[in-house]
Structure formats: C-alpha cells, structure tokens
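Undergrad: So the sequences go chain by chain: A and B.
First residue of the first sequence? That's 45 in the numbering used here, and the numbers climb one at a time after it.
First residue of the second sequence? That's 23 in the numbering used here, and the numbers climb one at a time after it.
Heads up, some of the hints might be wrong.
Stated by the list, open to error - In the DMTMM-like style, the derived pairs of lysine to aspartate or glutamate whose C-alpha atoms are separated by at most 20 Å in a straight line are:
#	chain 1	residue 1	chain 2	residue 2
1	B	Lys62	B	Asp52
2	A	Lys150	B	Asp60
3	B	Lys63	A	Asp127
4	B	Lys31	B	Asp52
5	B	Lys66	A	Glu101
6	A	Lys142	B	Asp60
7	A	Lys142	B	Glu75
8	A	Lys150	A	Glu89
9	B	Lys66	A	Glu49
10	B	Lys63	A	Glu47
11	A	Lys86	B	Asp60
12	B	Lys62	A	Glu49
13	B	Lys31	A	Glu137
14	B	Lys58	A	Glu49
15	B	Lys62	A	Asp138
16	B	Lys58	B	Asp107
17	B	Lys58	A	Glu47
18	A	Lys86	B	Glu46
19	B	Lys63	A	Asp138
20	A	Lys142	B	Glu80
21	B	Lys58	A	Asp127
22	B	Lys62	A	Glu137
23	B	Lys93	B	Asp52
24	B	Lys62	A	Glu47
25	B	Lys66	A	Asp99
26	B	Lys63	A	Glu101
27	B	Lys63	B	Asp107
28	B	Lys66	A	Asp138
29	B	Lys93	B	Asp60
30	B	Lys31	B	Asp107
31	A	Lys111	A	Asp127
32	B	Lys58	A	Glu137
33	A	Lys142	B	Asp40
34	B	Lys66	A	Asp127
35	B	Lys74	B	Glu104
36	B	Lys62	B	Asp92
Claimed, not checked - Cβ-Cβ distance ranges computed for the label pairs, FRET-style:
#	chain 1	residue 1	chain 2	residue 2	range
37	A	Asp71	B	Gly106	21 to 29 Å
38	A	Gly85	B	Met37	18 to 26 Å
39	A	Leu55	B	Gly106	41 to 49 Å
40	A	Asn97	B	Met37	26 to 34 Å
Simulated from the structure, these hints should not be mistaken for lab results.
We treat Cβ as the ideally placed atom computed from N, Cα and C, and that holds for glycine.
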Amino acid sequence: QKEVEQNSGPLSVPEGAIASLNCTYSDRVSQSFFWYRQYSGKSPELIMSIYSNGDKEDGRFTAQLNKASQYVSLLIRDSQPSDSATYLCAVEEDNFNKFYFGSGTKLNVKP
Amino acid sequence: DTAVSQTPKYLVTQMGNDKSIKCEQNLGHDTMYWYKQDSKKFLKIMFSYNNKELIINETVPNRFSPKSPDKAHLNLHINSLELGDSAVYFCASSVPTGTEGGDTQYFGPGTRLTVL
Numbered sequence: 045q046k047e048v049e050q051n052s053g054p055l056s057v058p059e060g061a062i063a064s065l066n067c068t069y070s071d072r073v074s075q076s077f078f079w080y081r082q083y084s085g086k087s088p089e090l091i092m093s094i095y096s097n098g099d100k101e102d103g104r105f106t107a108q109l110n111k112a113s114q115y116v117s118l119l120i121r122d123s124q125p126s127d128s129a130t131y132l133c134a135v136e137e138d139n140f141n142k143f144y145f146g147s148g149t150k151l152n153v154k155p
Numbered sequence: 023d024t025a026v027s028q029t030p031k032y033l034v035t036q037m038g039n040d041k042s043i044k045c046e047q048n049l050g051h052d053t054m055y056w057y058k059q060d061s062k063k064f065l066k067i068m069f070s071y072n073n074k075e076l077i078i079n080e081t082v083p084n085r086f087s088p089k090s091p092d093k094a095h096l097n098l099h100i101n102s103l104e105l106g107d108s109a110v111y112f113c114a115s116s117v118p119t120g121t122e123g124g125d126t127q128y129f130g131p132g133t134r135l136t137v138l
C-alpha cells in the first residue's frame, strides 16, 4: 500500500503571495503525479500532472518533482482568495490505473 | 454537457438498508472508478473497471458490489448499510494522458451518504 503524505494545514498566505504545498510518497516505482483542487462540498478537479523530475509550469501553478527524494510540490504564485481550497496530491501506480491520494492540505488565501 | 454524473446527490438511510448509487460518463473513457472520501477528506479508491471488466478491488467489504452494464456506466450497490459507510462517494473516469504516461481522471459531483 502506497503512502502519500501531506501536511493537513491550514496553510494561510496573504493575497499575492506564493503558496507552497508539499507531498511525499512511499513507493519509488510510481511514475505519475497529480495535484487536484477540491473546494468545500465539491469534487476534486485536476490542476497539474507531472511525470519527469524537475519543474512544470502552467500559468500561476508550478509542479516540482524529485523522484530521488520521493517528493512532489505545488507552487501557486500570486495567490488569490479563489485559490482557497483543499489541495490533494495523488500518485498513480504504474500502468494499473490505481491512484493513491494524500489527505490534502487546506489553503486559505487572505485578502 | 455533464461529463461524469452521479445520482443521487444526497442519500440518507437507516442502518441495515440496501441502496444504490448510479454513475454515468459521456466522455468515451474506458476506465471508471469508485472512491470513498471520509470526513477527514481522505480519498480512497474502492473499485476500478476497464471496459466493463473489474480491474481493481481494494479490500472493500463484499457488501459493496459494483456493476458496469456498459463502459459508460458504473453503479455501486451497498447491502446492509452500516454507520461507518457514511461518507461521500465519488465516481470518476479516466483516459490515458498521452506520451508522458499516466491517466487523467475526471470526477463526478459526489454522493453524500448518511447512514443513521
């Protein structure tokens, strides 16, 4: 059973700041990594996926992956109050369509 | 226009009852899932089907029985409901992402099940 660990938060940042969300995973074989955003009472929504070591940028979001350290992070630049949500890290077991989720980090962006 | 839909959105029932949740996706995806999200937001995979065939069964009590009549539908039937079954149940479907590997999942709106 894979373990996907996230700090539950809440992480509070002022509007316009950079929010940094972290995730560690236990299995070295995992190859696919995802960040989902979940607003209260809503379903998870995919924000970013990353498969290779390094950084991947999409608008205000940057995902960072370090497979040697089994670590994946999400940076949100110019944080907005609308970014306030729970962010779920997910790891996919290779070629098995099996996803393991962390328990999420709650982000509060204060105006 | 809805990609992954679930019914009902809310389900309140007594212990011991049997209930079903339905899921449909119009995305043409081959793989569908059921997840359980507990009160601590922990999202755990229960089942996965690929083209109507069961491929993942994650040590879920056999009171839970998924059924996939076709690749666009994956229903979940729960027998003899228990208090601990109270949670939000999400259906999802996925498609291979492409050359990078991995699969992109799309979630339904969820069904909040409350067992009294």
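Undergrad: Each of the hints needs a verdict: does it hold here or not?
TA: Verification of the supplied hints:
1. Lys62/B / Asp52/B: Violated, because 30 Å separates the two Cα atoms, which is more than 20 Å.
2. Lys150/A / Asp60/B: holds, 15 Å
3. Lys63/B / Asp127/A: holds, 18 Å
4. Lys31/B / Asp52/B: violated, 24 Å
5. Lys66/B / Glu101/A: violated, 28 Å
6. Lys142/A / Asp60/B: holds, 19 Å
7. Lys142/A / Glu75/B: holds, 15 Å
8. Lys150/A / Glu89/A: holds, 15 Å
9. Lys66/B / Glu49/A: holds, 13 Å
10. Lys63/B / Glu47/A: holds, 15 Å
11. Lys86/A / Asp60/B: With Cα atoms ~14 Å apart, lysine 86/A and aspartate 60/B stay inside 20 Å; holds.
12. Lys62/B / Glu49/A: holds, 13 Å
13. Lys31/B / Glu137/A: violated, 30 Å
14. Lys58/B / Glu49/A: holds, 18 Å
15. Lys62/B / Asp138/A: violated, 27 Å
16. Lys58/B / Asp107/B: holds, 9 Å
17. Lys58/B / Glu47/A: This hinted pair holds, its Cα atoms lying about 17 Å apart.
18. Lys86/A / Glu46/B: It holds: about 18 Å lies between the C-alpha atoms, which stays within 20 Å.
19. Lys63/B / Asp138/A: violated, 24 Å
20. Lys142/A / Glu80/B: holds, 10 Å
21. Lys58/B / Asp127/A: Violated: lysine 58/B and aspartate 127/A sit about 24 Å apart, past 20 Å.
22. Lys62/B / Glu137/A: violated, 23 Å
23. Lys93/B / Asp52/B: holds, 6 Å
24. Lys62/B / Glu47/A: holds, 16 Å
25. Lys66/B / Asp99/A: violated, 27 Å
26. Lys63/B / Glu101/A: This hinted pair is violated, its Cα atoms lying about 27 Å apart.
27. Lys63/B / Asp107/B: Roughly 14 Å between the alpha carbons, so the hint for lysine 63/B and aspartate 107/B holds.
28. Lys66/B / Asp138/A: holds, 17 Å
29. Lys93/B / Asp60/B: Violated, at about 27 Å.
30. Lys31/B / Asp107/B: Distance ~16 Å between lysine 31/B and aspartate 107/B Cα, so the pair holds.
31. Lys111/A / Asp127/A: Violated, at about 27 Å.
32. Lys58/B / Glu137/A: holds, 18 Å
33. Lys142/A / Asp40/B: violated, 27 Å
34. Lys66/B / Asp127/A: violated, 24 Å
35. Lys74/B / Glu104/B: violated, 28 Å
36. Lys62/B / Asp92/B: violated, 33 Å
37. Asp71/A / Gly106/B: 21 to 29 Å: With Cβ atoms ~27 Å apart, the hint holds.
38. Gly85/A / Met37/B: 18 to 26 Å: Once the Cβ atoms are compared, 25 Å apart, the range 18 to 26 Å for methionine 37/B and glycine 85/A holds.
39. Leu55/A / Gly106/B: 41 to 49 Å: Violated - the Cβ-Cβ distance for leucine 55/A and glycine 106/B, about 30 Å, lies outside 41 to 49 Å.
40. Asn97/A / Met37/B: 26 to 34 Å: Violated, since asparagine 97/A and methionine 37/B (Cβ atoms, about 49 Å apart) do not stay within the stated range.
Checked against the numbered hints given earlier, this structure breaks hints 1, 4, 5, 13, 15, 19, 21, 22, 25, 26, 29, 31, 33, 34, 35, 36, 39, 40; the rest are met.
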